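**Q** Line by line, the protein sequences give chains A and B. Under this note's numbering, the residues of the first sequence are numbered 2 to 541, in order. Under this note's numbering, the residues of the second sequence are numbered -3 to 405, in order.
The hints are simulated quantities; they were obtained by calculation from the structure and are not laboratory data. Some hints could be false.
A few chain A residues facing chain B, derived, Cβ under 10 Å [unchecked claim]:
1) R71
2) P177
3) E192
4) F195
5) K396
6) A481
7) W513
8) L530
Just so it is clear, the structure is predicted and the values come from calculations on it, not from any experiment. In this text, a Cβ means the ideal position worked out from N, Cα and C, and glycines have one as well.
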Amino acid sequence: MTTRSTQLLVIGGGATGLGVAWDACLRGLSVTLVEQGDLGQGTSGRYHGLLHSGGRYVLSDPASAADCRRENALLRRLIPHAIEPTGGFFVSTQADSPEYADEWLVACGRLELPVDEIGPATALQREPLLTPRLTRVFEVQDAALDSFDLLHALARGVTQAGGTVLLRHRVSGLVPHGGGLLARIVSHGDESAFQLEAQYVVNAAGPFAGAVAAMAGVRLPLALGKGTMVAMASRLTHTVLNRCKPPHDGDIIVPVGTVCILGTTDVPVRSPTDLAMEAWEIDLLLSEGQVLIPTLRRHRALRAWAGIRALYRPAADRASHPGGDRASSRLGTPEGHPGGDRGATRTLPRAHVLVDHASTDGVPGLVSIIGGKLTTYRKMAEDVVDHVAALSRVKQPCRTASTPLPAAESRHYALDSRPIRLRSASPVDSSIVCECELVSRPDIEDALRQSGSADLDDLRRDLRLGMGPCQGAFCAYRAAAVAARLLSDPPADGGLAAFAQERWRGLRPLAWGRGLRQAEMLRRVQVELLGAASATADDG
Amino acid sequence: MSKSLLVIGAGLAGLFASVLAARRGASVRLIAEGRGGLALSHGCIDLWRDGELRFSLARLDRSHPLRLAGWPALESAFAAFLEIMHEARLPFAGSLDRVWRLPTALGATHITSGAPVSLASGTLDDPEPISIGNLPALRDFSAELVAAGLRSQGVDVRGIVELELPQPRSPRDLYPQEIADLFDDPDYRAQVVSAWKPKLRGVRRLGLPAVLGRDRALEAFASLEQDLGVAPFEIPTLPPSVPGLRIERALRRLAVEAGVDLIEGPSVRGEVDGRSAGKRVSGAVGATAGGPRGYRAHAVLLATGGALHGGWLSFANGEVQEAVFGLPIETSEDREDWAAPTLYQEQPFARLGLRVDARFRPCDRRGRPFFENLFAAGGLVAGSDRTFEGSRQGIDLASAFAAVEAALS
Chain A
2 MTTRSTQLLV IGGGATGLGV AWDACLRGLS VTLVEQGDLG QGTSGRYHGL LHSGGRYVLS
62 DPASAADCRR ENALLRRLIP HAIEPTGGFF VSTQADSPEY ADEWLVACGR LELPVDEIGP
122 ATALQREPLL TPRLTRVFEV QDAALDSFDL LHALARGVTQ AGGTVLLRHR VSGLVPHGGG
182 LLARIVSHGD ESAFQLEAQY VVNAAGPFAG AVAAMAGVRL PLALGKGTMV AMASRLTHTV
242 LNRCKPPHDG DIIVPVGTVC ILGTTDVPVR SPTDLAMEAW EIDLLLSEGQ VLIPTLRRHR
302 ALRAWAGIRA LYRPAADRAS HPGGDRASSR LGTPEGHPGG DRGATRTLPR AHVLVDHAST
362 DGVPGLVSII GGKLTTYRKM AEDVVDHVAA LSRVKQPCRT ASTPLPAAES RHYALDSRPI
422 RLRSASPVDS SIVCECELVS RPDIEDALRQ SGSADLDDLR RDLRLGMGPC QGAFCAYRAA
482 AVAARLLSDP PADGGLAAFA QERWRGLRPL AWGRGLRQAE MLRRVQVELL GAASATADDG
Chain B
-3 MSKSLLVIGA GLAGLFASVL AARRGASVRL IAEGRGGLAL SHGCIDLWRD GELRFSLARL
57 DRSHPLRLAG WPALESAFAA FLEIMHEARL PFAGSLDRVW RLPTALGATH ITSGAPVSLA
117 SGTLDDPEPI SIGNLPALRD FSAELVAAGL RSQGVDVRGI VELELPQPRS PRDLYPQEIA
177 DLFDDPDYRA QVVSAWKPKL RGVRRLGLPA VLGRDRALEA FASLEQDLGV APFEIPTLPP
237 SVPGLRIERA LRRLAVEAGV DLIEGPSVRG EVDGRSAGKR VSGAVGATAG GPRGYRAHAV
297 LLATGGALHG GWLSFANGEV QEAVFGLPIE TSEDREDWAA PTLYQEQPFA RLGLRVDARF
357 RPCDRRGRPF FENLFAAGGL VAGSDRTFEG SRQGIDLASA FAAVEAALS
């Protein structure tokens, strides 16, 4: 087995890990980042798309709110191509406590958060679908942040700065080694392995951070919370809508691209792969969304998904959060919902925590970073790299606050430029594979050449393939056809069965009314017409 | 006076029932809000995915539509359909006692009981090696995926032949039925033959996407077979699926020729006969462009489809309701369990639909019909997951046949 070396190994290719890698590269460290899946496959790609103004946290967590305010302003300058400045409303309805709005406004003032109170009439003029039962509306600096775009930009920045980003690689061993650590890294593609000597390892694996730490013999107590979200098939609002009330399940609607996202629930779970969505979560998101947009249920819900957030919860903290105990029998049950927040990770501080395992566990060189929010990924990364830099006597200060991220050259995963490119392309190059998201055959060919992966789900994350109204019923086969033509050794079914199953997972929680008809359309095409079958069915 | 029948729904069950009833002398009106499901059909007659059914029919649940129809009705329906298709110059190869194993566009095996001759020629039981033709202009068919899938099943696939369509490139993507329309034209086929023939040396059997003609598919297929000097066969593509559209066009034509009054577009609401003490229906009211219009008939046949096509509506609270008469539909599962965790399992929601009695009349749990003269056929009838069973068209034909029998008796 070959052995390579790096100064810094970052485990986890979400916003945190990539942010750490980018920061460290700018300070001149040699960096290798290992991500077990694809960009955006984990928690960073499974969120609601909100760049927080900070308004959400002014009362519950003022420090986080101040971080959000600063980072929001910075990111608008550093990565403008990934941000849509939608603005946001905090909306107080007749159902909400008027005192809360007063307190909230005072707290915003204390933190110097820019807030404009606008009249309900103005708000309704701008967002006609908003409930007329408004009492007060406050405008804040919320925005929509495309995390796929952010992750691609970070990965590109790391690579351009001389760092290495290894996607679809996992760390299968991590042991102390000559003052640093020795990692065994395995490629998911061909299962080939190599060893990597690292002076420092940053564990930024999110919900998988516990498993990473365990490889080094370290126990990292985490509280895992699952958040479920629903995407509505159309953009019912152009402004982020927040309920002006204490943070709770289903209190936000974020317009992102062609859809809008209802978020989120917060359910304690045991495992980082426990992404199953429950009917009560969907019902709750839709009925809470209906408070903001009364006609919500007349519109089609497109898809549901869940992400897992990990928060640090050392033993001393347990007594105050009994419901989050990993051994508790009520984990993952809807008991107490809606209304109760017992056991939800929402009640834990959202601020990130940095654990240096040299001091806590006697494993020098290993640092874990847990928690935080996508909005503050840059600040978290700065803290981590400051810490590592101090250990390694690197003098360079953090530069990420003043260095813009490289824009992805073509933004090929975004819808906005596609109609223009299609119009200027020759007929043969304008063949459209995915009609919902306007993905052309050359888009797919480029993505296949760049990523080297024929996995349709990787193409989806690169191109939004199959993320529109038909959810892959038609385009998945066409995309598999393009891949089969380009690649020498495509899988026997072009990867269609696995992809269709992934789409099914997000349609299933919404399987009634029109959502059920769409799900059945997917099944008719994939199973009945094409004969896609799961591997297990083949065995039988 | 002849009996009048109002058929609602223009999928396979509704069209087939209309033709049958009109040919038996009934005065038939067919009203459909949408296009019906045939554009989503591979154009074959699936009866049972495991093949043999004659002797295992009695093992099906009592409420399964095939068991309710019974073997004699299924046999008669199947024979009548094949005869009608023969008459429409869309001949089928089929039998209820054997199965055809045909390739799909993914190179999987589709098990069916009846197929148009152009599709049946692709039987995987023929050991002769095959080649697959790739039409670069058609994004809805992949020769590579067909070849890879078939090879993984041990089928002898010799290779892929690139076959350009002889026509100026379209500024946009072509749909399968647009190419099919080109093949209806003998002059176009002559151009195809001269362009393709040099590339087919040594090819014996040639698999092509199912785009070889729409209204003149038989003529197109026979002439290509003769002039190309190979044994071609067709493989259904993504929807809109041409083999399904051929059946749709043929049945519509025959229906109109048999005197069926075909009304397309309006959504319909069922009407109960006010003088019957709620025992009979009188017809339906259609929301036409000119306002509501009543359509009265001695009997009404609902062929409005199942989960996909809107024959029943379902709601977030778990309620399910038949769409035209608002009949209640029972569900035993919670809404959460309607769809199974994996796409490839049997789906509880697919079994939802109207419970019917032995005469295919919608009935309550105790078997009492809601109305004396209201009938149901096709996907609207409860009790089977037709995708999972591979029983879709068998149920359409058998239930339509049985319902027409009952409605006209």
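**Q** Would you pick out the hints that fail for this structure and give their numbers low to high?
**A** As far as the earlier hints go, 1, 2, 3, 4 and 5 are violated by this structure, in ascending order.
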